[in-house]
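Peer 1: According to the working numbering, the sequence shown is numbered sequentially starting from 1.
Honestly, the hints are just simulated from the structure, not real lab data. Check the hints yourself; a few may be wrong.
Derived lysine-lysine pairs resembling BS3-like cross-links, with alpha carbons at most 25 Å apart [unchecked claim]:
(1) K232 <-> K97
(2) K111 <-> K60
(3) K73 <-> K128
(4) K73 <-> K183
(5) K222 <-> K128
Derived CB-CB ranges, DEER-like [stated by the list, open to error]:
(6) K111 <-> N58: 19 to 29 Å
(7) S185 <-> K60: 13 to 23 Å
(8) T171 <-> T77: 15 to 25 Å
(9) G103 <-> N131: 18 to 28 Å
(10) P206 <-> E63: 39 to 49 Å
(11) D224 <-> N141: 34 to 44 Å
Think of the CB as a built atom: it goes at the ideal place given N, C-alpha and C, for glycine as much as any other residue.
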Amino acid sequence: MTKYILPTITLCACAFFLAACHEQTKSPSPKPGSPASSQTQTPNAASNNPLLNPDMDNLKAPETYHVLFTTTKGDFTLEIHRDWAPSGADRFYNLVKIGFYNGDAFFRVVKGFMVQFGINGDPQVNAKWFNAKIPDDLATNHSNLRGTISFATAGPNTRTTQVFINYGNNTFLDSMGFTPFGKVSQGMDVVDSLFNGYGDGPPSGPGPDQSQVQQQGNAYLKADFPHLDYIKTAVIQP
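Based on the sequences and whatever the hints tell you, model everything.
Peer 2: This is how it looks when you write it as structure tokens:
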């Protein structure tokens with residue numbers, strides 16, 4: 001079993017970079033006939049909608065805050081620490097505040113490795129956030145241990161909206177730019193139970209293609225991967 005798991009985890013780690021770098025080569029746009037492509041936004045409406053204007057989302061996060069996730073498998077809570085990774089904690093705080101993660105899928109679930117989410121179900125929203133990058137948080141004493149959450153990255157200073165929760169003690173990710181900014185404080189059993197039957201996505205597996213998720217949103221996932229679990233709501237706790 002060990003001989004099988006270790007190469008798989010190493011390949012998955014490399015796929016963080018390969019898949020993300022592929023995503024950075026082209027900006028997503030809604031497919032003809034997709035829900036987003038049929039919607040029109042007036043300039044004023046778009047400028048006042050924080051989901052469509054990343055520049056609006058620049059609040060400083062509290063030093064510590066909790067986020068309750070209600071999902072199709074149950075609830076779990078994240079405890080976020082700004083001193084672990086200020087830029088990451090601030091970005092996550094703003095994304096939760098505007099409802100970015102509501103309705104999003106756990107689109108990449110790799111048993112024993114991690115669960116990844118943070119591509120919006122609406123391609124129009126994805127297009128706006130695709131290049132909304134934040135600087136790296138490099139100085140940290142915290143590691144990618146089981147239950148911690150980090151932003152996905154395609155290289156230096158490329159973090160945007162995608163995050164992952166570690167299933168294992170993935171300390172080898174620490175030197176690759178993946179900086180934890182919090183941990184699961186309640187409900188890790190729910191996180192463990194998220195559907196993982198599709199495995200990893202391209203280039204290492206048959207699961208959802210991130211470029212298609214970016215371009216088509218939940219329409220693609222619900223059609224081709226109907227058993228995935230979803231976030232119902234993510235709410236900052238008082």
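Peer 1: Of the numbered hints stated previously, which ones are contradicted by the structure, given in increasing order?
Peer 2: 2, 3, 6
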